[in-house]
Amino acid sequence: MSDTGTIPIRLSFGGGLEAYFSNKRTQTVQVPSKDESGAPSNAAFLIRYLHENIMQYHGEAKNNPFVTPEGDVRPGILVLIGDPDEIDGELADWELEGEGAYVLKPNTLVSFISSLHGG
Amino acid sequence: MPASPCALCKTSRALIVRPKNHQKLCKPCFLHVFETEIHHTITTNALFHRGERIAIGASGGKDSTVLASVLKTLNERYDYGLELILLSIDEGITGYRDDSLETVKRNAVQYGMELKIVGYGELYGWTMDQVVSQVGKKGNCTYCGVFRRQALDRGAAMLGVRHVVTGHNADDMAETVLMNLLRGDLPRLARTTSIVTKTPNAAAKMDTKDGRTDDGIEIIPDVISHTDIIRSKPLKYAYEKEIVLYAHHKSLDYFSTECIYSPEAFRGSARALIKNLERIRPSAILDVVRSGEDMAKLVPAEFGGAQTEEEGEGGCGAAQGRTGGGSMGSLEAKLREDEGAKMREVEALETEITLPIRTKGKPKSKPKKGAPTQAKKYQKQVMGQCERCGYLSSQSVCKACTLLEGLNKARPKADIGIVVGLDT
Ligand SMILES: [Zn+2]
Ligand SMILES: [Zn+2]
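Chain order of the listed sequences is A and B. First residue of the first sequence: 1, per full-length UniProt numbering; consecutive thereafter. First residue of the second sequence: 1, per full-length UniProt numbering; consecutive thereafter.
Watch out, some of these pointers could steer you wrong.
[Unchecked claim] No more than 27 Å apart at the CA atoms, straight line, and that leaves these computed lysine-lysine pairs for DSSO-like:
1) B:K105 to B:K72
2) A:K24 to B:K105
3) B:K116 to B:K250
4) B:K250 to B:K72
5) A:K24 to B:K250
6) B:K10 to B:K105
Read the hints as simulated data drawn from the structure, not as lab findings.
Please work from the sequences and hints to get the whole structure.
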């Protein structure tokens, strides 16, 4: 990966996913500003990057609680995006932001909430 | 991407896409629509009546926390006149419940509700820690699962409450419909899709005048037994996704643990199928629930129309303790520790053996084990009740009582894994 700099991305994990991310509900990580092909990093790249570099999971790929073997977020995990340009500071369904195609901005907040556990 | 405006108020920024109809809503409109739909579920099914005391099976998890919050809101907004109580079950495993019970205690303060925590020790005379020290780690999950099935009913009876609500959501319902469809078990499908279920005596009472006198006054027995409980599921049509979003946008305080073990294979597969279908066609979840209801209508009453509460559906991952338990996956993981999938498989099957119980109407004479069902000429078969505790059971003594007998005789491992009727 040709490193052309990083951008800070704020993360939040809920519904038990935090167990795989240092047990922190929130953290800020530095993410490469460009993806493997040199395009601006988007949400799909962020998920790949988190899976490969940040997540602590040593089990089988098919049981990975965060991503499927195909690299998609596991169904049942909600992805919410807090765009830093939105003044309301609210998190929106990532469907409203283009899903994986959402281009990351410095200090974008991305929240992953698993709905799969607990009643 | 330019922000989309809310489909209802047309002014605020949409934050939510509703799975069932793709409607894009802002936060206040979403919260209001979500609450209003549950209000409609409650009113169209006449779930409650004024003055009723309702125990909310509370685990501290997302579903029961949202249920408590919404019921509080609706009770005030529409003046239902309900007395709402939080009811939590503590299995008595050192350390395990600490976090979830702390959450429920905070909820009780936040919602201004009375909280009753009942332990297995109180209900059965045995905490799970004591069970483990008696029978060892192997097999103790069976005890935990069997005890849990009756715990909410018994807890409610201790509180003198006849009606328990649980946080089962549309995804849970769709999962159950699919599982029963794949098993070819339409009678069970019919029973489990019902929004209201009843334990034997409540069913008998409701059968006549809805538990009321001719003047419509509710008949409240002097002593409420755990065989006299109504259970209902106000979140039956609510998507899990929306429940999580509601909790998020209302900043509700809930607890979730990571499952260490995956649920039993069959249920896990049904769950995954539901979630995958939702991704492709979000309306699929409600469509499956509705299909389940339509199929239930086709099932003759004598095969399952009575919607009686039964012992079944426990085990690892079963509704994840939405019946007040909490995150069962991790609980059973903690209990199970060094046990393999084999045991889990056996237990999962074992939960299904109570199946041939159906009907309402309480037999005055206790059904003898193995006695032919005398009910051929009845509209509905006479159900079995445990001759010790009266709980619905396919055998003369229910599994909980069988296990307790074994424990009380200090006989390690009463092997109820007997798996009667297991024919797979
Ligand atoms: Zn709106
Ligand atoms: Zn019994």
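Hints and how they fare:
no.: 1; hint: B:K105 to B:K72; in the structure: 16 Å, holds
no.: 2; hint: A:K24 to B:K105; in the structure: 23 Å, holds
no.: 3; hint: B:K116 to B:K250; in the structure: 25 Å, holds
no.: 4; hint: B:K250 to B:K72; in the structure: 13 Å, holds
no.: 5; hint: A:K24 to B:K250; in the structure: 21 Å, holds
no.: 6; hint: B:K10 to B:K105; in the structure: 39 Å, violated
Hint 6 from the list above is the single one not met by this structure.
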